[in-house]
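Chemist: Chain A is fixed; fit chain B onto it per the hints.
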Amino acid sequence: MSKELIRLDRCTMVFDEDVVLDNINLNIQDKEFLTLLGPSGCGKSTTLRIIGGFQMPTSGDVFFDGVRINSVPPYRRAINTVFQKYALFPHLNVFENVAFGLRIPKTDANGAKVKLPEEEIHSRVMEMLEVVNLKGFEKRRTTALSGGQQQRVAIARALVNRPKVLLLDEPLGALDLKLRKDMQKELKRIQKAMEITFVYVTHDQEEALAMSDTIVVMDKGCIQQIGSPKDIYNEPQNAFVADFIGESNIIDGIMRADGVVEIFNRRFQCLDSGFEKDEAVDVVIRPEDVDIVPLEQGQLKGTVTDVTFKGMQYDIIVDFYGFKWLIQTTDLAPVGSNIGIKIDPDGFHVMKKSRYSGMFGDYSSYSEEFDEISQGVGDDEE
Amino acid sequence: MKNKLSWLSIPFTIWMAIFVVVPILIMAVYSVTSADGLVTGENFVGMGDYAVVFVRSFWLAILATLVCLLIGYPVAYMMAKEGQGFQRVAMALIMLPMWMNFLLRTYSWMSILENNGLLNQLFRSIGLISLYNSVTGSNIEYFQLLRTPGAVVLGMVYNYLPFMILPIYSVILKLDNSLLEAAQDLGANSVNVFRKVILPLSLPGVLSGVTMVFVPSVSTFAISRLLGGGTQMMLGDLIENQFLGGAYNPHLGAAISMVMMVIVVVCMVVMNHFGEGEEQAVML
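Going line by line, the protein sequences match chains A and B. Numbered continuously in numbering that gives the first Met the number 0, the first sequence closes out at residue 381. Numbered continuously in numbering that gives the first Met the number 0, the second sequence closes out at residue 283.
Simulated from the structure, these hints should not be mistaken for laboratory data. Glycine residues also receive a C-beta, built at the ideal position from the N, C-alpha and C atoms. Among the hints, a few may not be true.
To be verified - Covered stretches of chain B (in silico footprint by chain A; criterion: 3 or more residues with CB under 8 Å from a CB of chain A, positions within the stretch not fixed):
(1) 170–179
(2) 184–191
(3) 196–205
Pulled out of the complex, with its shape left as it was, chain A reads as follows:
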């Protein structure tokens, strides 16, 4: 029942010999909530700007509803954008900001300029202000609004034009955590109510998991994986995706047979198959899939080197034969204690080796700060 609305076909973008997008293929379905997720500089914003028409790909084609739109300027696309810093017009009040697009004369089928009647503009703006919970703010100056309110004006200003697609470029980046969670729900509700396609750019993996129908994980100008939030989390395609989405221990392993994987010279049962016999692989074990058991019952034995209290659980770093794992557990194991662990077959996820193998998934240098820096929290792209 879903149909393709936007297609990027072999899109490449080069700035000053710098390859920002490398041969991207992407289909966006009608009425879906699609998120472009990745660290700063991965090309997600550039992809969004190509869809919006603000940048033309160096090579490759962009299709909208089956029509090639490479050279169609932004003002002729049935696409509207919510900009990263809102970009509200400072010389107009809330009402006029929202009415901006409606007041621009449209060209009808005969080429004549048509202006919307004032009553229609008024009713559509008021209706949209109601959708974003800003009734009563019409006369306010936008500069006198809080960040969350400005955000909602920006959304109303885009949606009032009834676009087929709404592009959102890290729209919640400037808001505090509590407001961000509320706005996530709000955006999802609006998308459902308006029945249009949202293309959302973020570097926040939790945000992506919570809101999206489809997540596109990007890094270094390439798409690493496209899938539903569950697919992306449970079946990461390579070490980059496994590391970027949630926490992962990524261990070198060898696939001994279908359903049998070997790590640390021990064989474990797993659910993965379809690999060559004795193929070298990356094995992902999520921190919450590891059970701590008494030493003698453990499949692997290790020493606790660090414990952090996280409220809901403890983050424990355990040293197994020189490789440090992150384990999330509600059972406290003190630093220095020797523990055993047990992993169920569905706790293993086996991936093919990739260019990212060996780069992620070891928690030797684990610290809160390091994690934040490496994920570029609060970083602007470009």
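Modeler: Frame of chain A, contents of chain B only:
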């Protein structure tokens, strides 16, 4: 707003007090007294004789300001929008004449506009004057360029144009590019982006440009003397004549200055009020 460095403004405050506030007070006293020191209103009453000079001054200054705006805005816009190269060349061309002495610049316009000046010689050599004669049946040797209102306006525009371009340029340059993208995104083509976003947001620059051209234009005396050749007497000439010239009457001169100042201040207040909303918006 207590600042540790606020004492640094003391010299300026003293300077302003001695050389601006006190002189204005002296002028005010002069304007309401007569030569024998008695308080009188006759200076203001007698000013009616010069109504034509008032009207001419304001008319020519408004004209010069409009011409500056019509030339200056597009130049400022192009400078802000074109690449670095154009920007640098344009800036050099604007600043270069300002390194020359003001009088020298104005004198050179005289030799261009004279009856036998460069421009008339050019017109003659390309046959424009004989063409004019044959069309209108007249018999002139040259076009009267110097000693016309047009020459005075030209002189003002030439001298004060940079003061129009620079503030507009800096305001447009500072416009957030995402605002222009947002306007395009909402369906505005380049004409509408200019009309609905760039123009209103550049009004503060236009206002300060207008002020900086209009005020010196309305009070000029050298330009009108040199290029108007005495036929285009303006307020500046009139005032100068009361203080330094043959009509020596500092009391009348002071009164004219006061009236001019009040008119200019009222104009500026009205205009700034008009553009207040935009100004706040840009300052944020």
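Chemist: Against each hint, give a clear statement of whether it holds in the structure.
Modeler: Hints, verified against the model:
Counting residues of the segment 170–179 of chain B whose CB lies closer than 8 Å to any CB of chain A gives 3, which reaches the minimum of 3, so the coverage claim holds. Counting residues of the segment 184–191 of chain B whose C-beta sits closer than 8 Å to any C-beta of chain A gives 6, which meets the bar of three, so the coverage hint holds. Residues of the segment 196–205 of chain B lying with their CB closer than 8 Å to a CB of chain A number 3, which satisfies the three-residue condition for coverage.
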